[in-house]
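J.: The primary structure of each chain is shown beneath.
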Amino acid sequence: MSVGQATAHDAARLHVTGQARYVDDIPAPKGTLSLAFGLCEIARGRIAAMDIAAVRAAPGVVAVLVAGDLPAANDVSPSVHDEPLLAEGEVFYLGQPLFLVVAETHLAARKAARLGVVSYEELPAILTIDDALAADSRFEGGAVIWQQGDASSALAGAPRQVQGQIEIGGQEHFYLEGQAALALPQEGGDMVVHSSTQHPTEIQHKVAEALALPMHAVRVETRRMGGGFGGKESQGNALAVACAVAARATGRPCKMRYDRDDDMVITGKRHDFRIAYRAGFDDEGRVLAVDFTQYARCGWAQDLSLPVCDRAMLHADNAYYLPAVRIESHRLKTHTQSATAFRGFGGPQGMVGIERVMDHIAHALGKDPVDVRRLNFYAAPADGAGMRISDKVKPQETPYGQPVEDFELHGMVEALLASSDYAPRRAAIAEWNAANPILKKGIALTPVKFGISFTLTHLNQAGALVHVYQDGSIHMNHGGTEMGQGLFQKVAQVAAQAFGVGLEAVKITATDTAKVPNTSATAASSGSDLNGMAVKAACETIRDRMAEHLAELHQTKPEEVEFEGGEVRIGSTKLPFAEAAQECYQGRVSLSATGFYKTPKITWDRVKGRGRPFFYFAYGAAVTEVVIDTLTGENRILRADILHDAGASLNPALDIGQVEGGYVQGAGWLTTEELVWDGKGRLRTHAPSTYKIPACGDRPDVFNVALWDAQNREETIYRSKAVGEPPLMLGISALMALSDAVAACGGPSSSEAIGQQGPYPALDAPATAERVFRAVQRVQA
Amino acid sequence: MIQVSTTINGDEHQFVCDPRETLLDVLRDRLGLTGAKEGCGTGDCGACTVEIGGRPVCSCLMLGAEAEGKEITTVEGIADGEDLHPLQVNFIKHAALQCGICTPGILVATKALLEENPNPTETEVRYWLAGNLCRCTGYDKIIRAVMETAAEMRENA
Ligand code: FES
Ligand code: FES
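Chains as they are written, first to last, in UniProt numbering: chain B, 1 to 781; chain Z, 1 to 157.
Since the hints were derived computationally from the structure, they do not count as laboratory data. There may be inaccurate statements among the hints.
Over 12 angstroms on every C-beta distance to chain B, these chain Z residues come out as not near it, computed from the model [said to hold, decoys possible]: (1) 37; (2) 54; (3) 55; (4) 94; (5) 106; (6) 125; (7) 138; (8) 140; (9) 152; (10) 153.
Sample of chain B residues at the chain Z side, in silico, Cβ under 8 angstroms [as the list claims (entries may be wrong)]: (11) 18; (12) 22; (13) 139; (14) 141; (15) 177; (16) 226; (17) 227; (18) 483; (19) 484.
Glycine included, every Cβ here is placed at the ideal spot set by N, Cα and C.
Please build the complete structure, drawing on both the sequences and the hints.
T.: Set out below in structure tokens:
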């Protein structure tokens, strides 16, 4: 069995020896040029004059391109053609590319790019959510509203209510490998592009448009990325197109990589949100109605903002049944970087909204938030194991009308509460807090229910190409890209399993648009679900052909042919796989096949907000304990316990890695990772010196991570579940634990009688030391 | 342009570079040693770490010219031919890497740590790696791999 094994990443040996090649490591042909953008220095206005004489004259500069020099389309948008590669008169954010420097070296290009003299007619910039609301600056006309039931009368009639709002900051991807591309001009005007991208087909498409070529004249290859996290779904377009147009203009190979500051200043980040809420509930804490207003700062171009905001709405329920709900979503256009995909794709922000509501309700009632959360969980499926009899009812529907048929969280939370010693630790924390005036501790459990599938239905397809060579070695390609998540390894396991051979017999090479066409981005956690199935289909086609031929040759039935343990058993005969392949080759059997997969069961009406957008849900839960210093706001995570549902895991080692990394990245988003723009729209946190991602010391002292042992109820690849994005949202427990610690500064612990608590902390995210400090001051006031 | 002689991974190297060129650029662009990576270029991420005279150094903060007469180890020089260093073995075994781009720097840094302190506490490992960022793994498996390597190397010493 290859599937289900905890094997190492396919390129692990290359990585530890420094041989794994990223785009910038590919030996470039002699004469390769380097590129850099000259950037806009204001947030909004018109270019009055652009003097690039000094740029052209700078040492090492070969050419400088402005918008008018581009051969065809000046657009790198993944959606609505609103993102010029180089500005055309109007400028929309500080950091927007204005001109393209082509030079002999990276350093020469970067130095020259600073020499442009540009004067602007400056216009008042719309930078914040409030600015955008005041100016009614938005995408998609007005707000999008989805509702289920009559939320306003249910709210009015509810025995109790809370209301409030939370600011949720954005997040820089900080993939450790910056964006990079390399274009190699070919004969006849064709172009080959190496790109650090999650979406080779999109790169192919945009390069073809930019060169006015059909897609068949452009080939894009991606071996691996040094991290993607959504930041390389569309943000690599500009570099690839720039390389291609410069290569066309000069006839030489061109390479471009953003250095870290440029990367942070130019590219989009996670959308920051403000979520206002009103919730009505009963004395037990059972939610009767919720009204959310989500404000998303989308930046200057549309990019992927609409589906991101949709997904925020689709996760406004997280794990909770909301009998009546109204969600209003504002997609605001501002003069800042164009916010883009980031692990979770809006889902995390939507989820923070409802988790905040649960926390607020529990605080108002003086109850343990875990009890309020569990009380509001979706009903367990009728056949679910390990839940209370009273839960065995018909599936409840999400606010968008999808029945929740696979709800795993009752059992998972029960197990996690036990394994994490939640109850005794909560009691110990209450005692600690009663005895310690300065250092306060907090603990919280938050669940995750994350919908798996692209909400744009047509993207839920994948292709694969598999060859079996006459020596029995197997070569394959699929449309997914490797960014560290271990997709290649998982898919190789699927192929090895199909042919009953060892993993060493299987090789996956770089993702290549010439091998598998029309692929979707490796995104929405869908990589192994889609590509695993496509590869399995291709392998089965070849295996069936082999079985038929071998059966005939050995006078038995194809059903009697089995592939296992590196051998093929044909009735009573046994052949090593390599020999079987050789026999098939001799017998003129085609040993190459494509495979295709499309996700079944999904339907989605985005305008109405109704349907079944998700094939299934992935679940998880985390308990985080924190301590804060009430005098400084300093805080740290003491312990984290996680139970995550990866279905029947294809590879537990890789999946646990995703869970750990996701949690830490999610906790970083909500605690230390603060993006700061000044009043001019300049991003002030544009390097690791000012933007703080979790470092080694921030990892929790105690970190227990386990996978929930259950099969996917849907027929996915070997009943596994997608695991790329969902764990990020486990990090929400860190924010809620901080809220718990701050609440402890305000009065008796939450186990005391109703009405005795101090004010609600209303902690915004990221809960930096400053924010924690201010929240402590508020509740102590 | 200046001429520099140095020893890298045990081999003598001579190269010519611009006096303003960083050691990282020299390694990557002139010597084809692309194991050290540029994550920030400002000494904050550790992806470019190389070992010089037993100490981990950010090669993005050092000039190529300063390498004159120095003994440098990069990630390419950690293994003994086909035999991986115990740290490399354990990074694979513990799945202590995902995208892998932080891995070379972290390996070089921890190798230097274990040479200086064969019996580090977990806290010492964390402090030592404070300047090596990893965006993928959440660090847990990295620490485990280092602790286990240290234990193994002490046993075999
Ligand atoms: S590249 Fe040298 S420390 Fe980041
Ligand atoms: S494995 Fe990707 S940065 Fe560490």
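J.: Kindly indicate which numbered hints from before are broken by the structure, ordering the numbers from low to high.
T.: 1, 4, 5, 6, 7, 8, 13 and 14
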